[in-house]
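A.B. asks: Residues per chain, in single letters:
Protein chains: 2
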Amino acid sequence: MADGSTHEYQKIIDYLGGKIATGELGVGAKVPSENELAEQFGVARMTANRAVRELVHRKVLVRVKGAGSYVAPRRYDQTPVEILPISEQVRNGGAVYSASVRILEERPLISEVAESMHATSGSRTFYSEILHREDSIPIQLERRWVNPKVAPAYLEQDFLVETPTEYLIRMVPLTRVEYCISAERASADLIEILQLRAGEPVLLLRRKTWSGLDVVTMVDLLHPGSRFSFSGFFESGLAGERVG
Amino acid sequence: MADGSTHEYQKIIDYLGGKIATGELGVGAKVPSENELAEQFGVARMTANRAVRELVHRKVLVRVKGAGSYVAPRRYDQTPVEILPISEQVRNGGAVYSASVRILEERPLISEVAESMHATSGSRTFYSEILHREDSIPIQLERRWVNPKVAPAYLEQDFLVETPTEYLIRMVPLTRVEYCISAERASADLIEILQLRAGEPVLLLRRKTWSGLDVVTMVDLLHPGSRFSFSGFFESGLAGERVG
DNA sequence: TAGTGGTCTAGACCACATT
DNA sequence: ATGTGGTCTAGACCACTAG
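Chains A and B, in that order, give the protein sequences. Using numbering that gives the first Met the number 0, you'd call the opening residue of the first sequence number 0 and step up by one each time. Using numbering that gives the first Met the number 0, you'd call the opening residue of the second sequence number 0 and step up by one each time.
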C-alpha cells in the first residue's frame, strides 16, 4: 500500500510482479484467478484480466484456458542475439556436444574485471573456464566470473550436466543484461585452446548480467571466427502473419 | 457469427494493420477514433480500445491523450543487435560523421549473392558501396545489393543526406530481417579501404531484409575489429522498473 | 466546448479443464 | 458441476487537447 497513486491494474501487476521477483511465486506456481484477484483488490474482473493479460504479454505468466494462470519459466533469450545454451545450439545442428571444465575455483578479482563488475578489486569471486566442443572440435571458450553472494554454491556444481548459464538463471531472476560483440586478434593461449589457424580471428561476446542491483556474472564467450557466427531473424507481425 | 471465426478486436487489428501495411495509412496519419471504430464495427468502445491498445504495444500506433491515435514511424531497430543508422551512432558518441559513396551502379547479380536473394543469377540489381567515417577514420564499409523492383529510384538518391537504410525503410515496410554476425580475416582490399593494421580482423554484420515475399536488400556491414563492436542491453520490467 | 484517450464497472455468454 | 480464462457489452467518470 506504499503508493496508491497508480492505476488499479498497475497495482495488480506490481503485486504479482513483486511476488515473482522475490521468488515467493516460483516458476510454475499457480497465480490467483481473475475472480480472486478482482475480489482481493476490490475491482472488476475485467481490470484483473487486463493486469494478467499484460503480464502474459511480457512472458511473465502463461495462461491455460479453463485451468489457470502460472508463472512462466525464466527466459534466457533476453540478449538480442538470442543466446541459447551452447549445448543446445550444437545439438540443434545435429552435432555431438561435449565440454570440459578447465578451471573452477575461487579467485581474487583482477582490476579490469572488478571495474566491470562494480566491485572492489581483491574481493572474492568464483571463476570458471569451460571449453565447449562440437564433434570434438572447440567451438566456444567460456570464461566466467561469478558473484559469490548471488550463487554461493557455484563451485560445487557439475557443469557437464547443467551449463553455468542454465544454473544461474535457475538460481536468480535476471533483471538486466548488457552485451558486447567484437572481433579480436587471437592471443597465443587462445590459438592453442581453440585450435585456431594462423591469423584466424576470435568472435567475442561479453555479457554482464544483473539481478536487481547485484552483478550476477560476467562472461566472455570466445569463438573461433571461422567456425561460429551469431545469427537470427525478426518478423514484424502485421497483416498476413500472427505473432506467436 | 456469420462472418468468421476471429474475434472482434482481432478484426479491427487486421483492418488497421492492413491499411498501414499497404500504405493507405501512412506514417503520421490519424486513425479513426475509438468511438468511430466502435460504431464502424458495431462493437463496444472497450473492444475498439483493446484493438488500438495492442497496436500501440506493437509500436504500430502511437496515441496522444485528448488528441487521437496516429500511425507510428517505422522502426529500424528490428534487428536484435540494435541497428541505428551508423551516422547516428557516430554522432551519439560525440564524433564527426562523414561518408563517401564509392560505388553506386546497376550490376548483374553474382551467383553467391543471387542465392541469398532468391533471385536468378544475371538479373538486374542495384549495388552501392559506401564508406562511413568517424572523425575521418573509416568505421564501416557498407556493401549493399538492392532489389530494383522495390526501390526503382535507388540510384538517384543522395546517400550523403540520407543513408540507404533510412531511405529503404521510408520506401517500404519491412516484414522480416535476417542477420548474421561473424569475425573474418581481412582481405587485401579491405585492409586498404578500412585502413586496418596488420592482422586486424573484420567484424561483419550481414543483413537481409524482406517486405512481404520480396527481398528488399542484402547488405554487408564491415567494421574494423579494433574500432567497432555491437553492444546493447536488455532490461526485464518487473518490480522496481517501468518499461518505456 | 466538444472530442479524445485512459480507466473502470458489473454484469454476460462461451469453450475449456478439472473434479 | 464448478471454476477458469477469453471475450464482449453499455454504460460511466476523468484528464487532456483542440478549435
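For the record, the hints were derived by calculation from the structure and aren't laboratory data. Don't take each hint at face value.
Same chains, same label: a pair holds when it works inside one copy or across any pair of copies.
List of simulated lysine to any residue pairs, SDA-like, C-alpha gap at most 20 Å [stated by the list, open to error]:
no., residue 1, residue 2
1, Lys64, Leu212
2, Lys64, Asp219
3, Lys207, Pro151
4, Lys29, Tyr8
5, Lys207, Leu24
6, Lys58, Ala94
7, Lys29, Ser99
8, Lys64, Thr5
9, Lys18, Asn48
10, Lys148, Val95
11, Lys58, Thr5
In this text, all values refer to a predicted model and were calculated from it rather than measured experimentally.
A.B. asks: Run every hint past the structure and note whether it holds.
C.D. replies: Hints versus structure:
1. Lys64 <-> Leu212: neither (36 Å within a copy, 35 Å between copies)
2. Lys64 <-> Asp219: neither (42 Å within a copy, 46 Å between copies)
3. Lys207 <-> Pro151: within (18 Å within a copy, 44 Å between copies)
4. Lys29 <-> Tyr8: within (19 Å within a copy, 28 Å between copies)
5. Lys207 <-> Leu24: neither (26 Å within a copy, 42 Å between copies)
6. Lys58 <-> Ala94: neither (30 Å within a copy, 39 Å between copies)
7. Lys29 <-> Ser99: neither (38 Å within a copy, 59 Å between copies)
8. Lys64 <-> Thr5: Between copies only: 17 Å across chains, 29 Å inside a chain, cut-off 20 Å.
9. Lys18 <-> Asn48: For Lys18 and Asn48, only the intra-copy Cα distance (18 Å) is at most 20 Å; the inter-copy one is 29 Å.
10. Lys148 <-> Val95: neither (35 Å within a copy, 44 Å between copies)
11. Lys58 <-> Thr5: neither (22 Å within a copy, 23 Å between copies)
The structure fails to meet hints 1, 2, 5, 6, 7, 10, 11 from the earlier list, while all remaining hints are met.
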